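Could you build all of it, start to finish, from the sequences and the hints given here?
Residue numbering for the sequence shown follows my numbering, starting at 49 and increasing by one per position.
Hints are computed from structural coordinates only; laboratory data are not their basis. Hints are not guaranteed to be accurate.
[Claimed, not checked] Here are the simulated distance ranges between beta carbons:
hint	residue 1	residue 2	range
1	G99	I60	45 to 55 Å
2	V82	L107	30 to 40 Å
3	G114	G78	48 to 58 Å
4	L57	L102	50 to 60 Å
Keep in mind it's a predicted model, so treat the numbers as computed, not measured. Yeah, the Cβ is synthetic: ideal placement off N, Cα and C, and Gly gets one too.
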Amino acid sequence: MKILNEKPLSIIKQEKENQENIPISLDAIGLELVQEKLDHAQTKEMVAALGQELVKTKLEVANLKGGNS
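So this is what it looks like as structure tokens:
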């Protein structure tokens, strides 16, 4: 039989108690979530703007070459 968890039970219990003692502020988590959503929206907007710039640049290059590629 192979031992899956080599930690003593006392250490596992202590780790579990330490995790339970960590205070979780829902307000702080909510604020962090809002900030992440704003950052994500800003990133999406920047990607869209860069995509438009890329299309404009490709059209300018195509016009300079005199082709319709």
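Each hint tested on the structure:
1. G99 / I60: 45 to 55 Å: Holds, since G99 and I60 (Cβ atoms, about 51 Å apart) stay within the stated range.
2. V82 / L107: 30 to 40 Å: 38 Å, holds
3. G114 / G78: 48 to 58 Å: Holds, since G114 and G78 (Cβ atoms, about 56 Å apart) stay within the stated range.
4. L57 / L102: 50 to 60 Å: About 59 Å separates the Cβ atoms of L57 and L102, which means 50 to 60 Å holds.
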